[in-house]
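Listed here are the chains, written in short residue letters.
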Amino acid sequence: MMIKFENINKSFGKSEVLQNISLNLEMGQSVAILGPNGSGKTTLIKSLLGMVIPDSGQILFDGKNIKNEFAYRSEIGYMPQIGNYPPNLKIAQLIDMMKDIRKGKKEGIIIDEEIIELFKLKKMYQKPLGTLSGGTKQKVSAALAFLFDPKVLILDEPTAGLDPLASELLKSKILEEKRKGKLIIITSHIMADLEELSTHVVYMQEGKLKIFKELEDLRLEYGEERLGKIIALLMKNNFSKIIA
Amino acid sequence: MKKTIKYVVYDIIRNRFVIGYTLLLLLLSVSFFWFEADPNKGLLSLLNIILMVIPLVSVIFSTIHFYNSYEFIELLSAQPMSRRTIYFSQFLGLCFSLGMAFLIGVGLPTLIFDGSMRGLTLVLGGLLITLTLVAIAFLASVITKDKAKAIGVALAVWFYLCILYDGMVLMVLVNMADYPMEKASLVFSALNPMDLARILVLMQLDVSALMGITGAVFQNFFSSTWGVFISFVLLLLWVITPVFFGYRIFSKKDL
Amino acid sequence: MKTLFIFFLLILSQSAFCKNWSVKTVPELQKALLESKANDTILVAKGNYKVLNLEITKPLVMIGQNQPVLDAQYKGEIFIVKSGDVSISGFKFINVGETSMIDWAGVKILESENVKIFKNEFINCYFGVYLSASNKCLIENNRIIGTPKEEQTTGNGIHAWKCDSINIFNNYVEGHRDGIYFEFVTNSLITNNLSTKNIRYGLHFMFSHYDTYTHNIFKKNGAGVAVMYTKHVTMKDNFFDSNWGGSAYGILLKDISDSDIEHNLFNSNTVGVYMEGCSRLKMQDNVFQKNGVGLRIQANCDENNIHHNNFMANTFDIATNGSVTFNYLNDNYWDKYEGYDLDHDGKGDILYRPVSLFSTLIERMPQAMILLRSFTATLLDKIEKIIPSLTPENLKDDSPSMKPNAIKAFNFKV
Chain A
69 MMIKFENINK
79 SFGKSEVLQN
89 ISLNLEMGQS
99 VAILGPNGSG
109 KTTLIKSLLG
119 MVIPDSGQIL
129 FDGKNIKNEF
139 AYRSEIGYMP
149 QIGNYPPNLK
159 IAQLIDMMKD
169 IRKGKKEGII
179 IDEEIIELFK
189 LKKMYQKPLG
199 TLSGGTKQKV
209 SAALAFLFDP
219 KVLILDEPTA
229 GLDPLASELL
239 KSKILEEKRK
249 GKLIIITSHI
259 MADLEELSTH
269 VVYMQEGKLK
279 IFKELEDLRL
289 EYGEERLGKI
299 IALLMKNNFS
309 KIIA
Chain B
22 MKKTIKYVVY
32 DIIRNRFVIG
42 YTLLLLLLSV
52 SFFWFEADPN
62 KGLLSLLNII
72 LMVIPLVSVI
82 FSTIHFYNSY
92 EFIELLSAQP
102 MSRRTIYFSQ
112 FLGLCFSLGM
122 AFLIGVGLPT
132 LIFDGSMRGL
142 TLVLGGLLIT
152 LTLVAIAFLA
162 SVITKDKAKA
172 IGVALAVWFY
182 LCILYDGMVL
192 MVLVNMADYP
202 MEKASLVFSA
212 LNPMDLARIL
222 VLMQLDVSAL
232 MGITGAVFQN
242 FFSSTWGVFI
252 SFVLLLLWVI
262 TPVFFGYRIF
272 SKKDL
Chain C
153 MKTLFIFFLL
163 ILSQSAFCKN
173 WSVKTVPELQ
183 KALLESKAND
193 TILVAKGNYK
203 VLNLEITKPL
213 VMIGQNQPVL
223 DAQYKGEIFI
233 VKSGDVSISG
243 FKFINVGETS
253 MIDWAGVKIL
263 ESENVKIFKN
273 EFINCYFGVY
283 LSASNKCLIE
293 NNRIIGTPKE
303 EQTTGNGIHA
313 WKCDSINIFN
323 NYVEGHRDGI
333 YFEFVTNSLI
343 TNNLSTKNIR
353 YGLHFMFSHY
363 DTYTHNIFKK
373 NGAGVAVMYT
383 KHVTMKDNFF
393 DSNWGGSAYG
403 ILLKDISDSD
413 IEHNLFNSNT
423 VGVYMEGCSR
433 LKMQDNVFQK
443 NGVGLRIQAN
453 CDENNIHHNN
463 FMANTFDIAT
473 NGSVTFNYLN
483 DNYWDKYEGY
493 DLDHDGKGDI
503 LYRPVSLFST
513 LIERMPQAMI
523 LLRSFTATLL
533 DKIEKIIPSL
543 TPENLKDDSP
553 SMKPNAIKAF
563 NFKV
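These protein sequences, in sequence, are chains A, B and C. Numbers 69 to 312, taken from this note's numbering, label the letters of the first sequence in order. Numbers 22 to 276, taken from this note's numbering, label the letters of the second sequence in order. Numbers 153 to 566, taken from this note's numbering, label the letters of the third sequence in order.
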């Protein structure tokens with residue numbers, strides 16, 4: 069199974085947010101999507117999720133165009149950057165609702181409540197979502213993303229707002245899923261996390277895909293161990309040498 | 022979809038504002054009927070509420086709700102769920118919640134104190150007005166980019182429908198007094214859901230006055246059940262049309 | 153009861169040496185009418201009689217036993233009474249034809265006195281009972297039901313022309329042009345009648361002075377009731393209900409003077425009372441409710457005294473076409489009045505102007521009716537209340553009642 073972006077273009081008004089993006093992602097990869105603010109990272113993710121509809125080009129999920137489709141999303145777990153939920157719903161109800169949505173969408177659904185256990189969410193099940201702190205909301209988001217044992221995980225700033233312990237727990241969970249051969253797509257501003265979690269790097273700038281390489285290759289190329297440094301070099305070098 | 026609606030409704034009906042709105046309506050309705058010896062006057066006071074307050078609350082609350090649910094809508098759209106299900110579960114959830122608020126706040130006391138045809142018409146008209154403004158709010162929300170703009174549009178729509186429009190109709194009628202404006206004036210009222218609801222109620226409360234307007238078109242319209250039927254159908258169209266256009270836009274909207 | 157009554161009549165006629173004629177066929181009836189003497193009694197047995205233009209030229213008591221049917225087969229009329237002291241009761245008159253030349257009727261009374269028509273039925277008669285230049289007649293307990301057609305081809309239920317001292321009691325009239333029609337009829341009494349579904353007026357009344365009508369119900373007539381060109385008429389305890397239409401009124405009063413309109417109920421009419429050219433009327437203790445316009449006073453009315461009435465749930469309480477002067481409104485209850493009563497005398501401390509700006513507007517632009525009860529209309533009325541400019545200055549109630557006036561309960565027999 070793989071995800072294929074083919075010549076994706078998207079503009080919001082005058083600004084071209086995605087310009088001719090083509091990209092193949094495969095199972096077993098853990099892809100860090102990097103780039104300055106406004107480079108199109110979020111739009112890329114959103115277009116994969118069907119939230120943003122590309123102006124041209126197509127996205128193939130397991131060989132099928134996702135346009136006007138929604139069933140493919142039963143294979144995706146998504147953890148949004150900001151988890152704002154209906155304030156008067158309780159955590160338990162939100163989880164039940166997600167289960168309701170997923171039920172019948174896929175054969176043999178597996179419920180993975182490991183995150184719920186790790187974050188000890190069950191004892192807060194009866195709390196309305198509106199009363200939760202930002203960190204707890206993040207935990208709920210994470211729990212939802214992993215809940216259905218999806219083949220593809222899309223994690224938008226997963227560790228932002230989590231306390232160090234929770235952050236570590238989440239990361240180990242991500243690594244575990246990675247070992248199972250899932251496709252993981254992460255955006256983050258915390259380079260150390262990405263270094264730990266990812267096998268591949270997508271670098272975007274001004275709506276263009278500048279780099280898509282294995283992390284190891286980049287390390288060799290730049291003679292740098294640290295992803296942070298590599299990125300800094302990337303930004304400085306203006307890419308002229310690197311693009312083949 | 023049904024299950025999603027359930028959760029949307031569950032969220033909204035525990036909203037403090039909606040609870041307050043229901044209680045306020047209940048208080049107003051009961052006091053109108055309690056303190057007016059004549060249920061007719063109670064109905065008229067309620068008519069004013071239905072024509073001014075209920076549209077305002079419905080349109081503003083729906084717009085705010087839509088934008089407050091924006092991240093949630095995003096999350097839902099990352100689930101294996103069609104845009105249609107997302108949109109209509111939000112819409113129907115809101116319709117159900119505000120509809121219930123209206124039915125408890127206004128419907129129940131009205132039917133208790135004046136369970137006649139006119140009371141029923143008033144309640145039905147008010148319910149349709151609520152739904153219309155929820156639909157309009159959704160349309161306003163999907164065509165705008167941010168909450169402030171959407172609230173602005175919603176307020177403008179309310180002001181136009183509830184205040185400006187009739188004034189404009191009056192101006193037209195005054196200026197065109199020399200022309201036969203019989204059909205035109207009926208068409209004018211069909212173009213505003215508030216007018217339609219109001220005329221539905223008038224046909225119950227003021228039928229003796231309406232029958233005094235000479236002119237075959239009026240006579241036919243007001244004296245037959247056709248008039249009532251047509252008004253209801255048009256009001257329903259006022260719900261369906263914006264919600265349908267809203268859906269068309271939402272299904273292609275970038276979240 | 154009936155047999156007792158007949159028995160009593162028998163004794164009476166025996167004692168007065170009057171003869172009883174029992175008839176069972178048309179020839180017998182015709183013979184009896186010809187050969188009977190004054191004050192004889194003709195008893196008509198139950199049956200179907202095809203008859204035409206039977207003249208009664210002497211005082212007779214005509215009694216239908218078990219309601220014999222007299223059928224004119226649309227070829228003419230039935231009884232023509234040309235003598236005083238005739239009594240006709242217990243018959244069913246049907247199928248009186250319609251012509252443009254003569255007003256054919258079930259019973260026609262011409263220049264006679266003391267004629268009594270009671271307990272009869274008139275079905276499909278062009279005119280039901282027709283009185284011409286007759287006095288002291290009694291029309292009581294009849295059911296008169298016509299088949300309404302065009303206004304020109306439908307006659308009146310009870311029609312009286314140039315009569316005096318007529319009593320019309322307890323009749324039911326339906327489906328005629330005018331239910332009860334009075335022209336040049338004086339000193340007469342119309343009581344306890346129900347007149348409904350007539351295509352023009354339930355009661356039509358012209359040049360008929362010193363008449364009184366009380367306890368009548370006029371309901372769902374094409375144009376309500378019209379009272380015209382009359383002085384000294386008394387209208388009391390009547391019920392005017394559901395007369396709807398562009399020119400339908402509870403009562404239309406045209407050129408009426410020195411009359412009393414007291415304790416009537418005007419319910420759900422397009423216009424409760426329409427007054428044109430009326431002077432010195434006294435209107436009091438009336439209830440106007442759920443009418444389109446409670447009371448319409450045209451500008452040529454003066455010296456009318458409108459006192460102690462209740463106006464409730466009307467779309468408009470009072471409407472007018474111009475500036476009305478010298479009409480007096482006092483102590484009425486207006487449910488739209490929003491004033492206060494600080495001195496607790498039961499009367500509002502600020503005066504009430506019952507003519508709304510919006511009703512004045514409708515006067516000029518009837519189409520604007522579709523804006524009724526809209527925000528715009530309410531706003532206009534509120535502004536006008538604060539700064540009166542278009543509504544008549546003089547039409548005002550200086551002492552509006554805070555609570556509905558105590559008006560004795562209405563009691564109508566149907």
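Treat the hints with care, as some may be off.
To be verified - Each computed DSSO-like pair below joins lysine-lysine, with the alpha-carbon atoms no more than 30 Å apart:
#1 B:Lys166 <-> A:Lys82
#2 C:Lys234 <-> B:Lys62
#3 C:Lys210 <-> C:Lys234
#4 A:Lys190 <-> B:Lys24
#5 C:Lys210 <-> B:Lys62
As the list claims (entries may be wrong) - Away from chain C, derived, C-beta distances all over 12 Å, residues of chain B:
#6 Gly41
#7 Thr43
#8 Val51
#9 Tyr200
#10 Val222
#11 Phe242
Calculated from the structure, these hints are not laboratory results. Don't be surprised by glycine CBs; every beta carbon is placed ideally from N, CA and C.
Evaluated hints:
Between the alpha carbons of lysine 166 of chain B and lysine 82 of chain A the distance comes to roughly 15 Å, so the proposed pair stays at or under 30 Å and holds. Our distance criterion of 30 Å between C-alpha atoms is broken by lysine 234 of chain C and lysine 62 of chain B, whose separation comes to about 58 Å. A threshold of 30 Å between alpha carbons decides the hint, and for lysine 210 of chain C with lysine 234 of chain C the separation of about 7 Å falls inside it, so the pair holds. The straight-line distance between the Cα atoms of lysine 190 of chain A and lysine 24 of chain B is roughly 22 Å, inside the 30 Å bound, and the hint therefore holds.
Proximity of lysine 210 of chain C to lysine 62 of chain B is assessed by CA-CA distance (about 62 Å); at most 30 Å being required, the pair is judged violated. Distance check for glycine 41 of chain B against chain C: the nearest CB is about 24 Å away, which clears 12 Å, and the non-interface claim stands. No Cβ of chain C approaches the Cβ of threonine 43 of chain B within 12 Å, the least distance being about 24 Å, so the stated non-interface status holds. The Cβ of valine 51 of chain B lies farther than 12 Å from every Cβ of chain C, with a closest approach of about 20 Å, so its non-interface assignment holds.
Listed as outside the interface, tyrosine 200 of chain B is inconsistent with that label: its C-beta sits roughly 10 Å from the nearest C-beta of chain C, within the 12 Å cut-off. At the 12 Å boundary, the C-beta of valine 222 of chain B falls inside the reach of chain C, the nearest C-beta of that chain being 8 Å off. Separation of phenylalanine 242 of chain B from chain C is inadequate, the least Cβ-Cβ distance of about 10 Å not exceeding the 12 Å criterion.
Hints 2, 5, 9, 10, 11 from the earlier list are contradicted by this structure; the remaining hints agree with it.
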